[in-house]
Structures are given as C-alpha cells and as structure tokens.
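A.B. asks: For reference, the chains in residue letters:
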Amino acid sequence: MTSMKIKVLDGGLMTTVQDMGRVGYQKYGIIQSGAIDTFSLAVANLAVGNDTHEAALEMTLKGAMLELKRGIVFVLAGADMMATIGGIPVPMHRPVLVTQDATLVCGGPRHGARTYIAFAGNIDVPKRMASRSTYMRAGIGGYDGRALKDGDELTISSDEKITKKLYEIGHKISDTMISVDWFTPRVTTDTTRPIRVTRGLQADWFTKETLESFFSSKERYRVTVQADRMGYRLMGKTLELKEPRELISEPVAFGTVQVADGKPIVLMADRQTTGGYPKIAQIAMVDLPRFGQTRAGDTVSFSEISLAEAERLYIEQRTLIAKAATAAKLVLG
Amino acid sequence: MSINFSPLGEAAILVSFGSTIAPAVHDAVRSFSYALERQPFAGMTEYIAAYTSVTIFYDPVVLAKETLLNPEEGVPYSYQVAKLKAEAIVRSIDDKGGKSADARVVRVPVCYGGEYGPDLADVARYHKMTEQDVIETHTSGDYLIYMIGFAPGFPYVGGLPKSIATPRKKSPRLIIPEGSVGIAGEQTGIYPIATPGGWQLIGRTPLSLFRPDDDDDPTLLHAGDKLEFYAITADEYDEIKRAEDAKKGGDAS
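Just so you know, the sequences run in chain order A and B. Residues 1 to 333 in our numbering are what the first sequence lists, from first letter to last. Residues 1 to 253 in our numbering are what the second sequence lists, from first letter to last.
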C-alpha cells in the first residue's frame with residue numbers, strides 16, 4: 001500500500017466525501033447520508049477496482065480543482081463536468097492513470113447535477129458510525145464533517161497493483177493520462193422520460209383528480225432552488241387532499257414523495273428519519289439515481305408502476321452492477 | 001390489537017400497531033423493536049421505531065433469494081418474504097408474552113432560566129405562575145420517550161403536565177443551542193445538536209445527548225426510556241459540562 005496526497009485547489013460549489021451512507025443508525029435519529037446518485041458511485045468504484053460502497057467525492061453543479069500526483073488512478077462518473085487535465089478532456093466513466101503530477105479542473109455540467117470522483121483505494125478519512133459519509137449539519141464524517149475547500153489535503157491509500165496494470169493495458173491519451181477502453185452502465189441525465197414511482201402509503205388521502213394527474217406522466221413539476229441533499233421541493237399543480245388530515249409521524253425513506261402545502265417534496269439522502277406529511281408516492285429505486293441528477297429549473301413527470309415491477313427493475317439494476325463488477329475484476333485483475 | 005403491514009417502497013415494510021399515540025401501542029412498538037434487535041433476519045439492514053409503527057428496511061436482492069412455497073402473483077416477492085419474517089416476529093412475541101428490555105430511567109440535570117432558559121419568564125407569565133412554579137411542575141412530570149427522530153437522539157416525549165403546555169414561539173429562532181430544554185404545545189424535549197426551532201426554551205442540560213464517537217450507542221436517549229428532569233445551579237452546570245467535555249476529549253483520541 002502506498003499513500004498519496006491530493007491537494008484541493010478549489011472545492012467547487014459543494015464537494016463532499018460520500019459512500020453508500022450510514023446504515024443502522026436511523027433508529028437513533030441519525031440521518032443516512034451517502035451518495036445521492038448511488039448508481040454512479042457504484043460504477044465509479046468498480047472502474048478503479050474498488051468495492052461498490054467505497055467513499056468517493058461527490059461534486060455538485062460546479063466541480064473541484066484538484067492537484068493529482070503521478071501514479072494516482074481515478075474515474076469520473078455521473079454528470080459530465082467537462083473535466084480537463086492540461087487542457088485535454090478527461091474521459092468519463094473509465095479509469096484514468098495520471099502519469100505526471102497534474103491539475104484536474106472540473107467545470108459545471110450542461111445536464112445533470114452531480115459527479116463522482118473515485119480513486120483507486122481508500123480516501124483516508126475516519127469512519128464515523130460505520131461510514132465515511134459527510135453529515136454536514138452535525139459536522140461529522142467525511143473531511144472534518146464539511147465540504148472541501150481550497151487548501152485541504154486528502155490522503156488516498158492505494159495498492160500499486162492497479163497503477164501497474166494500467167501502465168500495462170492502457171493507452172496514452174495525453175502526456176499526463178493513460179486510460180483503457182471500458183464499458184460501464186451509466187445513469188442518464190435525461191429528464192424527458194418520466195420518473196417511475198409507486199403509490200405512497202397515504203396516496204388514498206388525495207383526491208381522484210390529484211392522483212390521476214400526478215401519476216399520469218403528463219403533469220410536469222419543476223425542481224425549485226430548494227433542492228439539496230436533504231430534499232427536493234417541486235412546483236406544479238397543487239396536490240389536494242380529500243379532507244384535511246393529520247398524520248402521526250412515521251418513518252420515511254430515500255425517494256419518499258411527501259406533500260406539504262399541496263406541493264411535493266422528494267426526500268433525499270440527508271432526509272430526516274421520520275416525517276409527518278402524507279406520502280403520495282415513492283420514487284422507484286431504479287430511477288432514484290436519475291432523479292438525483294435533476295437540478296433547479298429542470299422539469300420532471302411521474303408515471304406509476306406496480307410495486308412488483310419496481311422490485312423487479314431494482315433487482316435487475318443490481319444484477320447489472322454485479323455483472324459490471326465481475327467484468328471489472330477480469331480487466332483489472 | 002390489529003397489526004397492519006404495508007410497503008414503504010421496494011426496500012422497506014411498515015408494521016403498524018395502532019392509530020393513536022398511547023402507552024399500549026408504544027409497548028407493542030417497543031417489544032417488536034426489541035425482538036428485531038435480538039433477532040434481525042438475513043437481509044434486514046435496519047429499522048426505525050415511531051409512535052405507532054416500526055419500519056424495517058431490507059435489501060430486496062437478499063430477500064429475493066429465499067424460497068416461498070406459494071408466492072402470490074402480482075405481489076412483490078421480496079416484500080412477501082419481508083412480511084412473512086415480520087409476521088413470524090409478531091407471533092414469537094405473542095408466544096412469549098411481549099417482553100422487552102426494562103425501561104431505563106434517565107435523569108437529566110437542567111439549569112433553568114437565565115441565559116440557558118431565555119423563555120422561562122415568558123412561559124411563567126403565560127400561565128400566571130412564578131418561574132419557580134414552572135420549574136417544579138416541569139421536574140415533577142412523568143415522562144416517556146415515545147420515539148427518536150428529527151435530529152440525532154432527539155426525543156419525542158409524552159407526559160408534560162398540561163398546566164405548563166405553551167404554544168411555540170411566533171417566530172422560530174435561527175439557532176437553538178445544543179442541550180436546550182424546551183416546550184412546544186404539549187411536548188417537551190431536548191435539542192441534541194444546534195438547529196433552528198420554535199420551541200420555548202426554559203433551560204439547558206450540560207449532558208451530551210449526541211456522542212458520535214460512540215459507534216455502538218451514539219445517543220444518550222432511546223425510545224422507551226423514562227425521563228426525569230432535575231434542577232441544577234449554574235455552577236453545577238459548569239461542573240457537569242466540564243466532565244462531559246473531558247469524556248468527549250478522551251473518546252476522540
């Protein structure tokens with residue numbers, strides 16, 4: 001194992017360390033955190049020889065500028081932030097070996113909201129409650145419990161095996177980069193296709209007209225500026241209850257669509273553990289990464305699928321990731 | 001008691017024990033949670049207990065590997081497996097008579113009024129009581145933590161004497177300091193971390209409610225705990241606070 005330093009020259013808009021989240025602590029009221037687009041995190045990790053759940057950097061809307069040392073292997077996945085090294089575009093969704101000290105410059109994506117940088121090996125930040133994810137409000141996890149800023153230094157411990165492997169099988173794409181042909185399934189940032197949802201636990205509290213239009217895939221909802229890691233507030237046709245009703249607070253999940261003041265709020269990775277608003281829908285897990293790539297100003301529509309279908313699609317997606325993992329192992333050894 | 005099962009998406013099942021916030025429903029929630037703690041099933045990732053329900057989270061990929069003798073058409077397979085597991089837990093509780101861990105009593109020292117409880121005077125005025133009356137009433141309550149939520153270790157507490165129930169402040173504070181003890185309507189509670197909020201703040205505890213260094217038990221309070229408040233002076237507050245901070249320092253090494 002060797003350890004390499006990465007210096008942050010610019011943290012971008014909000015760059016945090018995230019893995020698959022803090023699992024097992026919600027009963028204490030501790031939020032799950034973790035990547036918003038878990039699919040991109042998983043495929044990023046595979047491309048650099050990591051397990052799917054390792055920690056990576058999640059960049060939001062405007063990426064970071066990082067000083068990378070020779071020998072480091074990284075990958076970019078998710079939204080295309082038009083990253084460059086020495087003015088040469090860095091290919092997305094494939095492992096890249098840095099062959100001399102260089103600066104990675106990320107911009108802002110034209111579509112999508114989040115980009116993941118995974119490094120071969122571990123990001124050396126301590127695990128807090130079984131996870132390296134950043135929980136900003138409590139100031140714990142990740143890098144000092146906060147987003148990265150200029151002057152920060154990350155340490156990556158990695159195995160030299162993958163560096164050697166890339167020298168062996170890769171091809172030169174610039175004076176500073178070696179990469180390999182790579183195929184990995186990826187998340188689309190297409191917002192024209194409806195987001196698939198299942199019926200929420202209180203869907204029958206809403207009027208027939210509301211349910212028909214919400215689930216029809218014809219009604220569009222706009223992502224407002226109040227869209228962050230905690231939740232996305234959407235604007236659109238008011239969702240009406242048959243009659244005013246109070247819900248006793250109960251647990252919620254990633255992708256729960258609750259309704260407050262007639263407007264949908266989609267709960268994301270940093271959501272609270274319980275909620276007292278009626279839940280009209282639940283975003284199908286298969287489409288949650290795609291929804292997580294939407295940003296303020298985008299419009300989305302929802303189409304209903306059965307829970308059985310949602311479960312089948314999700315298991316299929318996980319199978320796809322498992323196959324990609326096998327393929328990655330074959331190539332990277 | 002009628003128990004209902006419903007899916008919260010494709011990776012969670014909500015088990016509901018009633019529709020009112022009541023000690024009997026809470027007892028059922030507690031014994032179910034206790035059984036989950038002791039015998040989590042394969043594929044279960046975690047659970048959250050609430051006022052009237054417990055939601056079990058699971059990995060559908062793991063549950064899909066189990067064999068069902070008569071799977072129902074059109075019903076998600078992993079959900080059927082999860083429901084069978086949850087039903088089995090309910091049955092095992094019925095057989096054993098619903099045991100759960102003995103209720104812990106957590107005693108919480110509070111420095112009431114002054115800078116720690118800036119709304120104590122307002123609360124007293126609202127009820128035409130003296131500040132001392134409010135303190136005595138608050139410390140005399142018989143409190144039960146129904147659930148944990150909103151923030152790490154934030155307790156939803158039942159049992160506030162109605163005579164000091166006070167509406168929330170008209171405009172919420174941007175920051176409520178960690179450890180603040182407050183009243184909101186018929187609820188009382190403690191803020192484990194600094195957050196915005198509209199509660200009437202009557203005091204502050206020097207105890208650390210959130211201890212992120214302790215992976216095994218990161219919060220002081222748990223659902224099902226009984227709570228007792230007792231009044232301390234500002235000097236006692238400082239002394240306990242120093243001891244708590246020293247403990248934190250020790251853990252962080």
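In case anyone wonders, no lab produced these hints; they're calculated from the structure. Please note that the accuracy of each hint is not assured.
Calculated cross-link-like contacts (lysine-lysine; reagent style DSBU-like; alpha-carbon spacing at most 35 Å) [unchecked claim]:
#1 A:K242 to B:K170
#2 A:K5 to A:K165
#3 B:K241 to A:K127
#4 B:K128 to A:K7
#5 B:K247 to A:K323
#6 B:K169 to B:K83
#7 A:K7 to B:K226
#8 A:K149 to A:K165
A.B. asks: Now tell me if each hint is right for this structure.
C.D. replies: Results of checking the hints against the structure:
{"no.": "1", "hint": "A:K242 to B:K170", "in the structure": "29 Å, holds"}
{"no.": "2", "hint": "A:K5 to A:K165", "in the structure": "21 Å, holds"}
{"no.": "3", "hint": "B:K241 to A:K127", "in the structure": "27 Å, holds"}
{"no.": "4", "hint": "B:K128 to A:K7", "in the structure": "61 Å, violated"}
{"no.": "5", "hint": "B:K247 to A:K323", "in the structure": "47 Å, violated"}
{"no.": "6", "hint": "B:K169 to B:K83", "in the structure": "43 Å, violated"}
{"no.": "7", "hint": "A:K7 to B:K226", "in the structure": "49 Å, violated"}
{"no.": "8", "hint": "A:K149 to A:K165", "in the structure": "32 Å, holds"}
The structure is inconsistent with the numbered hints 4, 5, 6 and 7, although it conforms to all the rest.
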